[in-house]
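Chain order of the listed sequences is A and B.
Note that the numbering used here has the first sequence beginning at 1, numbered continuously upward.
Note that the numbering used here has the second sequence beginning at 1, numbered continuously upward.
Misleading hints may appear alongside valid ones.
Said to hold, decoys possible - Calculated cross-link-like contacts (lysine to any residue; reagent style SDA-like; alpha-carbon spacing at most 20 Å): (1) A/K185 to B/K504; (2) A/K296 to A/K185; (3) A/K70 to B/V486; (4) A/K493 to A/D385; (5) A/K185 to B/V486; (6) A/K185 to B/I482; (7) B/K504 to A/Q178; (8) A/K185 to B/F489; (9) A/K461 to A/D385; (10) A/K70 to B/A388.
Everything labelled a hint here was simulated from the structure, so no lab data went into it.
Treat the numbers as computed from the prediction; the structure is a model and nothing was measured.
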Amino acid sequence: MSFPLLTATAALPALGAIATAAVPAARRTAAKWLALLVSVGTLVLAAIQLVRFEPGGARYQLTESHAWIKDFGVRYELGVDGIGVALIGLTALLIPFIIAAGWHDADPLETNSSRWRPTQGFFALILAVEAMVVLSFEATDVFLFYILFEAMLIPMYFLIGGFGDRAHAQGDEAAATQRSYAAVKFLLYNLVGGLIMLAAVIGLYVVAGSFSLNEIAAARASGSLHMATNTERLLFLGFFFAFAVKAPLWPLHTWLPNAMGEATAPVAVLITAVVDKVGTFAMLRFCLQLFPEASKWATPVIVVLAVISIIYGALLAVGQRDIKRLVAYASISHFGFIIMGIFAMTSQGQSGATLYMVNHGISTAALMLVAGFLISRRGSRLISDYGGVQKVAPVLAGTFLIGGLATLSLPGLAPFVSEFLVLVGTFSRYPAAGIVATLGIVLAALYVLVLYQRTMTGPVKAEIQGMPDLKVRELLVVAPLIGLLIFLGVYPKPLTDIVNPSVRQTMSDVQKKDPNPVVEAAK
Amino acid sequence: MSSSAVHSLWTTAAEGKLGKIPAPHIEYAQLAPTLIVLGAALIGVLVEAFVPRRSRYYVQVFLTVVALAAAFAAVVGLAAGGYGTTKAHIAAMGAIAVDGPALFLQGTILLASVVAVFTFAERRLDPEAHGSRVDSFAAQAASVPGSDSEQAAVKAGFTTTEVFPLALFAVSGMLVFPAANDLLTLFVALEVFSLPLYLLCALARRKRLMSQEAAVKYFLLGAFSSAFLLFGIALLYGYAGSVSYATIADVVSGSVQNVDPALAGTMGNDALLLIGGAMILMGLLFKVGAVPFHMWTPDVYQGAPTPVTGFMAAATKVAAFGALLRLLYVVLPGMSWDWRPVMWGVAIITMLGGAVVAITQTDIKRLLAYSSIAHAGFILAGVIATNADGISSVLFYLGAYSFVTIGAFAVVTLVRDAGGEATHLSKWAGLGRRSPLVAAVFAVFLLAFAGIPLTSGFSGKFAVFKAAAEGGAGALVVVGVISSAVAAFFYIRVIVLMFFSEPKADGPTVAVPSALTTAAIGVGVAVTLVLGVAPQYFLDLAHNASVFVR
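Bound-form chain A, shown alone (with noise of 0.2 Å):
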């Protein structure tokens, strides 16, 4: 038996969660270095994974297969394909940064109390979030990764309501009211999305008498699946609903701004960056693959939905007055932009849908975490308290500049280059949608450019002056996701390789084919 690369890749944080929790009171330091050696040995794995990756190959690869629960018909089945590989490696890229610009984050303000380890706690959640999240995106059993979309809520809700901005004491009881608000709303709408999925998924295995994607897949080829429409539309809804709010899509993305804006702003990243990315990656994976006819019946729906959020976060994130809450708006835009492509059912969409949860994912870790250095400085989320910021802190200026031109996809940057996709494969199908999601486009340069203006340029307020300027930790977490946004950017080839042969796959498994070019042919 070959090494259990996919276990291991898992495995490592997991246990990494464990020993940087029994990490003694005194030594806080060392749990941080235990932690942050713990996510680049992750990464390291997700990076031979990516390696021995080969695209165009077996549709799922690096499997395995154990026996787990008989009774409930459930394996533990993990395989990869270039989505689930491509996401790994971008959850595995992102921890080390997140774990490093959350240093301080969880130092006890009081150090009398020598039980309470809220430092051990921060960097063990991280790493447990991780786990769960990258076997998630292994799972190729619909009840192992039911368990883990649910499980990888509770260490979440931690990390939101456990751990606010350093700006705020932890005595300050209006913002630990806030802020468990804010962990309670995230945890009950994904919980109530989850119980929802829950119904749909023993609905699933009362009809096809297996959980194994690959079962699943073979009998339905085979015929000896046939699943009723109504059944097939009603499970398709089960599932599509928990995925929705995780994702989240317009009508069910309340709780993001209220997450996104309590918790700390590695936590942030790590909620819309790579926990959401979940939601997205799972419509593609369960709702496309097992569904097939009920997702295009859905379609036309969930176009429009999505679409809404495009606008509708956009326009929301225009008129927000706090730093963390316009990018949690921003967020929910990119995310209907990731779902039109999802359900535009064409290989352009889809691909451009794999590479913006991808660059999403970075460049919201670019934004949002100077966002966060900058918030922490000043000990304020407002806008209005910012102005001139440039003149003080040119470097913080700088990079907070890329990361906002990255959100508004400026071309040269990653986003671009899948924004661009999702809007021409939405407008092979569906045109008007197309039309109305440019709009996105606009005004996201609208409240990224008037974001910075208002807080780099200017007069310097009075309350900024003397800020320190980025630090050589804070440097060295946003320089490499700067580059790497520059790089997929001019050259976005590697991952669009590993991800492509996937989404053929999955097209297939919808039987849909790209629309034909309707220009004629000159003759």
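Place chain B on chain A using the hints.
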């Protein structure tokens, strides 16, 4: 009565002619679990009478734990001997079934009881009174609260060691309850386990008036439900001419040959069957704590000494669901078209009612009481499945649930202030800051109650919902997940309180327990996580045990 109907221990003596009473044939070895516990309970009574006061506690704890362990060993021995599967049969002249579900539930009850007895025996939590360590029970049950005699008893360092034999009596009744194979045995078992529980409820050391009020309430309502049950038994006897499960089932399915001439007027009268069946169900649903027979649950759970609450919530539920399963699957499968709609309704209002009302609770014990009501609803969903998976999933759920419950109530005993246990929720604020480990353990139990994956609560919930869906009760599953979502809200609220709120200056302290409570909580956590991550072995066990002998 014809001889075919005479195969019950209860009717044999009454029917036989004087001087010709045949000695009943009793398979003592197969009844060993019950007999061991019952015998130990009797010895416990003698210990109370003859052993000096200062060493009673140790003798009683030792005796109780050994008896329960021996009974469990007997259950394992019987199961290993194949009595759960191939050799399953009806022992004691048709009175007691020795089969898979009975053995599985008896094993569960015994294990849960051992853990619960650990919490009974805990003597480190309350501060020492007059130089002697005390447990959660009244110094002297007979002394009036607040009276001089009570003070004298406290001063003398008395403890109510009678709780151990009482618990053993209750356990022996619970062991018979799910195994009872005729209606009279069912009734006697019910009384045998209920009466000691009424007493145990009244024995709290602190807040004695509340405890006694709870006991009276429990007793009165319990007596009502017993009366209903008994009346139902009488009506079913009128319908079938027998109290034996097998005969009643035969009459229901219309395959009975001999009609007793004395009962010819009523036998086969469907009105008797329907009313009688409904009344027996009522009695059982009362013990289970299903809406609308749940009114006693919150008051009794709150007033009873917390170790007793944990014991009651776990073991009583297991026993009562066992009896309910046997009744519905062995006696009344022929009329499932009649009882299924009713049970559907009961399950739905139980799930929703328990979950919704729990939201407004401010006392942790009442909250757990309503949560137990909601869980009763989930288990009922599995009961309704009427397939083999239904039985095995209910068995599994009961096993998983009882350990979470005992563990959770054991944690409740640890959080204390000057007035004893601090059960008001507001006092739990910030517990996670002060005692991270205790709060984390309690959070694990709450997450298991909420049915979060990787805990036993999820495995159990998945099992019953899957069985229900396969049994054609998809709508119940939908109601189930909705009420799970509602229930999740209040479990999470407690977690929020513990971890995200600032500790109050005059908040409660967490007592450091002895090894006994630590063991109880440890077992609870271990079972919760093992059944959550690797439930296969126990599912197999439940699966193999899921065939009722008829």
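Okay, which hints does this one fail, numbers in order? Of the numbered hints, 1, 2, 3 and 4 do not hold.
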